[in-house]
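> The whole structure should be built from the sequences, with the hints applied where relevant.
Taken in sequence, the protein lines are chains A and B. Here the working numbering is used: the first sequence runs in plain steps of one and ends on residue 317. Here the working numbering is used: the second sequence runs in plain steps of one and ends on residue 669.
A portion of the hints provided could be inaccurate.
To be verified - Chain B regions said to be covered by chain A (calculated; three or more residues, Cβ under 8 Å):
#, region
1, 442-456
2, 462-471
3, 500-508
Simulated from the structure, these hints should not be mistaken for lab results. Beta carbons are placed, not taken as given, at the ideal position from N, Cα and C, and that holds for glycine.
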Amino acid sequence: MSDLTRTQVFDTLRRNALDVVPELDPAAFAAERTLSELGCNSIDRAEIVTLTMEELGIVVPVHEFQQGYDIATLVDVMLKHA
Amino acid sequence: MRPIGIEALDVHPGLLQIAASDVFAGRGLDAGRFGNLTMSRRSVALPFEDPVTNAVNAAAPLLDRLGPDVRDRIELLVTTSESGIDYSKSIASYVHRYLGLGRNCRLVEMKQACYSATAALQLALAQTASGFSEGAKALVVATDVSLADARAEYAEPATGTGAVAMLVGDEPRVLTVDQGAFGTYSFETLDSARPAPDLDIADVDRSLLAYLECLGGSFADYCSRVEGADFVRTFDHLAMHTPFAGMVKAGHRRMMRELGAAAGPEVEADFARRVAPSLVYPGEVGNLFSGSLYLALAALIDQVRPADPARVGLFSYGSGCSSEFFSGVIGADSTAALAETRIAERIAGRGRLDFAEYDALLDETRGCLRPDRHRRVDHEPHLALLDRVVDRPKILALAAIEDYHRRYEWI
Numbered sequence: 236m237s238d239l240t241r242t243q244v245f246d247t248l249r250r251n252a253l254d255v256v257p258e259l260d261p262a263a264f265a266a267e268r269t270l271s272e273l274g275c276n277s278i279d280r281a282e283i284v285t286l287t288m289e290e291l292g293i294v295v296p297v298h299e300f301q302q303g304y305d306i307a308t309l310v311d312v313m314l315k316h317a
Numbered sequence: 259m260r261p262i263g264i265e266a267l268d269v270h271p272g273l274l275q276i277a278a279s280d281v282f283a284g285r286g287l288d289a290g291r292f293g294n295l296t297m298s299r300r301s302v303a304l305p306f307e308d309p310v311t312n313a314v315n316a317a318a319p320l321l322d323r324l325g326p327d328v329r330d331r332i333e334l335l336v337t338t339s340e341s342g343i344d345y346s347k348s349i350a351s352y353v354h355r356y357l358g359l360g361r362n363c364r365l366v367e368m369k370q371a372c373y374s375a376t377a378a379l380q381l382a383l384a385q386t387a388s389g390f391s392e393g394a395k396a397l398v399v400a401t402d403v404s405l406a407d408a409r410a411e412y413a414e415p416a417t418g419t420g421a422v423a424m425l426v427g428d429e430p431r432v433l434t435v436d437q438g439a440f441g442t443y444s445f446e447t448l449d450s451a452r453p454a455p456d457l458d459i460a461d462v463d464r465s466l467l468a469y470l471e472c473l474g475g476s477f478a479d480y481c482s483r484v485e486g487a488d489f490v491r492t493f494d495h496l497a498m499h500t501p502f503a504g505m506v507k508a509g510h511r512r513m514m515r516e517l518g519a520a521a522g523p524e525v526e527a528d529f530a531r532r533v534a535p536s537l538v539y540p541g542e543v544g545n546l547f548s549g550s551l552y553l554a555l556a557a558l559i560d561q562v563r564p565a566d567p568a569r570v571g572l573f574s575y576g577s578g579c580s581s582e583f584f585s586g587v588i589g590a591d592s593t594a595a596l597a598e599t600r601i602a603e604r605i606a607g608r609g610r611l612d613f614a615e616y617d618a619l620l621d622e623t624r625g626c627l628r629p630d631r632h633r634r635v636d637h638e639p640h641l642a643l644l645d646r647v648v649d650r651p652k653i654l655a656l657a658a659i660e661d662y663h664r665r666y667e668w669i
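In structure tokens, the structure reads:
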């Protein structure tokens, strides 16, 4: 278990989401929303999650991901493997 | 080492098509997501088409061109499919009969979602390389049907129907395989599956992440076997399993970022040059499931029309999941071999459907894999649709199911 915090994972996800989908509204990036509600398509979502895992050095087994997760759940899944 | 590989390749791209934009409009899908799919059209099946007819309609023209000598040397027939029609009896057994192949031939059907054709190709290559039966050929036919309807949402406009047939042996004209150059990567997950004869399920996010992980993992394994292999420099072209173009683009971008240290315009340019030619037929036909990678290979050769040897990196992925990255060489012979098949003409010659006609066909075609005890298939109501096909060849069609036995006829 590394010392990664929720905030670090959340911020990294948000930064990558804004990189991949620049037109995304930063204010709308909230824990209870899903990436697709924010306008990210399936390719964008895979890209955001992959970039975040690479950057944080986290490997989450594929079966732990599921479509429709909100951002808080994505953070939880990543923290579990940090 | 003696060259081995794909000697001939042919495609049954379906007989009918619908514009992807018509499916979007007909279903009320968000047009803003259209660009992500990069689809022009998709093939649509008729009620008398099934995995057997698709396979035979892909392989028959190939065998007709090669003549009886080659046909008599086919000692292995593998059909690969995620569209099985029986728990025990193989699609291959029907295909063997209706292609009129000889009795001294191994028959088998293989399944591992969209990856299976590559496993079959490796089996066929192993038969060739073993030298146990000098000059023997193998026929691999990747054949599937679409079950996509409104339930499939954004996958519906991208899902095709058809088959790819490949003859494998020691006189490779289409693709000379780099022997021993491969990498595999597999693990259990449930990203997409067909748990019943009329039901597809998929978790889009899990599937994309599995595809990306497998591309990285299989290429890393390839590199452990091929000294000096480099994603950017080793391959003149790339062909990948193509459920829709966006997935291939995401895969390429990830590999370039990780292994090419490239981003932005450089990645776009590399994609346009090395990958985009392979997407032309998949963008017309839709996802062919087990035949998808080989439809992409056909497109690549027909688009690039190589005059000199060029190395292709191939990535095969099947949900569930299993994957392989391997490579081979195409050249002037490949260009000539593919030109004989007139795939582009046949794709262009498909009959066009409007949304209402397409939607009406789905009610019948959805049940095409159901193992009914008895079923009569009336061709008559659909013959007018067949008249829309330009230069339609004679095709095998399902006529009836009698006591679970499928009966076919040429129409």
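> Does each hint fit the structure? Answer for all of them.
Structure-based check of each hint:
{"no.": "1", "hint": "442-456", "result": "holds (count 5)"}
{"no.": "2", "hint": "462-471", "result": "holds (count 8)"}
{"no.": "3", "hint": "500-508", "result": "holds (count 4)"}
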